[in-house]
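So you can see what is in the structure, the chains are spelled out below.
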Amino acid sequence: MPITVNIPTILRPLTNNQKRIEISGFNVLEVIDQLEHQYPGVKEKLITEGESHSFINIYVNDDDIRFGNGLSTQLRDGDSLTILPAVAGG
Amino acid sequence: MSMNRALTGCVITGPFEHHAPELAIASSLLYQSAALGIKIEPSESSSENAALSFEFKTPHTTPIICDVGKWSDASRQALATENIMQAACGLMSVHGRASGKYRPLGLNYVSTLTAALALLGGVAASIGQLRGLSVGHSSVSMASAALLSLGQYIAGATASESPEALFPGTISHGHHPPFVSLDGVFFELETLNAGPWQKFWTEIGVSSTAAGKAWPAFLLRYATAISPLPSELSRAISNLTYYCISQICSRTGMSICPLRSVDDRAKDDDCQHVWHQGPWEFVFETSPGGRASSRASTRVTGDLPLSGFTIIESCRRIQGPLAGHLLALLGATVIRVEPPGGDPLRGMPPMAEGCSARFDALNHLKTIREVDIKSPAGQAEIKELVRHADVFLHNWAPGKAVLLNLDDEDLTSINRSLIYAYAAGWATDRAAHCPLSSMPGTDFMTQAYSGIAKKVAETSGTHGGSLFTVLDVLGGVVAAQGITIALLNRCLNNVGAKVTSSLMGAATLLCADDFHDVYNLPATTRKTSKSIIDKIYDTKQGKIAVECCDTATLIRLAEVLEIAIGTETADSEDNLEVLFLSRTATAWAEVLEEARVPCAVVIENLADLQNIAYLKASLSPGSYTSVNSPWSFR
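Line by line, the protein sequences are chains B and G.
If you read the first sequence in this note's numbering, its first letter stands for residue 1, the second for the next number, and so on.
If you read the second sequence in this note's numbering, its first letter stands for residue 91, the second for the next number, and so on.
Looking at chain B on its own, in the form it has when it is part of the complex (with noise of 0.2 Å):
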């Protein structure tokens, strides 16, 4: 199951500096497993003891991971995963 993951600038030194990476999983967790798999590092920096980083948002297409299943949420096929930076106050 094809899903393309926008990696973003932070994280491109692990990814070989590849933008967009094809990858497959079933659900986020997968994703990231396969991710960390392939490019040592990545996992670390996206999830703390189970739950993604509170400065980090996964959107799956347009929605933000934490307002579905979180790291469970299910993924179909041509989804694409974007990780970005959060930014809190000022």
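Honestly, the hints are just simulated from the structure, not real lab data.
All residues carry an ideal CB built from backbone N, CA and C; glycine is no exception.
Any given hint could turn out to be false.
Here are the simulated lysine-lysine pairs, BS3-like style, with alpha carbons at most 25 Å apart [unchecked claim]:
no.	chain 1	residue 1	chain 2	residue 2
1	B	K45	G	K303
2	G	K473	G	K490
3	B	K45	G	K464
4	G	K129	B	K43
5	G	K490	G	K464
6	G	K191	G	K630
7	G	K129	G	K147
8	B	K19	B	K43
Reference excerpt, derived from the structure (chain B facing chain G, CB under 7 Å, subset only) [said to hold, decoys possible]:
no.	residue
9	P8
10	T9
11	I10
12	K19
13	E51
14	F55
15	D63
16	F67
17	P85
Use these hints to put chain G onto chain B, whose structure you have.
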């Protein structure tokens, strides 16, 4: 420890009984000076090319001549008022993103910022003199102050990768904060985490999908100055009373604050004290053995007045980092402490050469040190850095410094000459004593609580404050001012200090004249009056801002337009609207400037700023357009 007016013994001399439009700058400068204990001596004349010129001197330095110009390009003679500057430098454009309308902020924002930067320049130059620098002049301009306030937004609009194209007229203007309840109360909501946001809207009856779509727009409003929320949210919340909504907030961890007036704020127990004190609270080290070491008189190591000083900055977001940025522009070495892996905001689009342009705009002059401040090893590392530093600056949440063992007492005990600076949201770090401690002290909450939001709404024809970060920016300038004033005091009196500034203090500074009126204090030399014409007109191409402060200017406008204009503007409005459509904004600006009528082509897209000849001196091209130092010293 004892509290003092920080600059008692210093003198400021200038023609402060000036006429509009410089009145607001002079008024703010006098308020700030009085709060610092500076003696004010009026004089007759002002430098011809400056909006205002004054002298600042300490008991041990020669006077620093502080010129406050209108434009960064000193040869430009076009008249400028507060609102004309807001139009010419892009402030109206950013403020108008949320409403879709080009309107002034309704605050003497550029004037207040200019006054603060001018005083800061004089103080910094005096420090330079005391440390061996040959300096006698400091200059700033209203335009450079306005551009400084927009540095992050200009970076976002000009970033090399996917620059933002956000300006009124290009954005879908849905519902945006503030919210309104069934019983008509306008209020702000705030949370920095998705959890309370989701729980709150679920209890309100909004679907998780809609709440999820709204979250990034809500979160990003600090960066983008827009926050288009699905109408489902405002519809649902407007079916409930304010009391009911505040109860849901209590249960879900969401923070809520009604929009209060300046009069409401004036009735708060602490307000008159804060107003008298000014936006800084200084506590000078006076304990036995508390005299500063020889570090206090370190000599300058470069051409700028604060060169040779070392600042340790542990701040996130805008207010604190901007303070550090300003100190770096004045020559200080700023070591920025970031968490292991770096500040996540480094990756926030739009990007320029691998870093968030917006982030880089505030941090590119700093040395980065990654430290885990939560660990004992990290705390020891901070203490070692502080041992050799002049200033420690943080903007942590109330109470966090104590938990981290990095409170003022922890750090001044290892460096008696240290300036310990806290850039707060509200006014105090003593969380237990702060009635506001349950609310995050963020820009929009402070705008609501302080009366700023309501004041902006009344002038802008909107329901609430500005999504331009009005207080974060002014708060950053005030924090840098407080630190520099404490450094001057250290040079003069050889003592360290704790200095606290806050967004609330910045709000009080912005409304200083209002409080003067509310408290029925004796009239000063202030003579505020509403302009006869103060409007944005559509033209054949672009928009033009025109302001006639007095009848003489109105007559000049009528002469150049070859029409009759009454002082009752309603009759003339339609005529003017039609007339201005006959030429481009640039053509009108040329004609009106020649006639000495304050005007400016309204900047719509911030990316256009770099093409304006008279603003170029304040900007530097690159992977994004950065804003130069607002000061020049000689």
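A quick look at each hint next to the structure:
{"no.": "1", "hint": "B:K45 <-> G:K303", "in the structure": "24 Å, holds"}
{"no.": "2", "hint": "G:K473 <-> G:K490", "in the structure": "16 Å, holds"}
{"no.": "3", "hint": "B:K45 <-> G:K464", "in the structure": "18 Å, holds"}
{"no.": "4", "hint": "G:K129 <-> B:K43", "in the structure": "60 Å, violated"}
{"no.": "5", "hint": "G:K490 <-> G:K464", "in the structure": "10 Å, holds"}
{"no.": "6", "hint": "G:K191 <-> G:K630", "in the structure": "18 Å, holds"}
{"no.": "7", "hint": "G:K129 <-> G:K147", "in the structure": "10 Å, holds"}
{"no.": "8", "hint": "B:K19 <-> B:K43", "in the structure": "17 Å, holds"}
{"no.": "9", "hint": "P8", "in the structure": "5 Å, holds"}
{"no.": "10", "hint": "T9", "in the structure": "5 Å, holds"}
{"no.": "11", "hint": "I10", "in the structure": "3 Å, holds"}
{"no.": "12", "hint": "K19", "in the structure": "10 Å, violated"}
{"no.": "13", "hint": "E51", "in the structure": "10 Å, violated"}
{"no.": "14", "hint": "F55", "in the structure": "4 Å, holds"}
{"no.": "15", "hint": "D63", "in the structure": "6 Å, holds"}
{"no.": "16", "hint": "F67", "in the structure": "3 Å, holds"}
{"no.": "17", "hint": "P85", "in the structure": "4 Å, holds"}
Of the numbered hints stated above, those contradicted by the structure are hints 4, 12 and 13, listed in ascending order.
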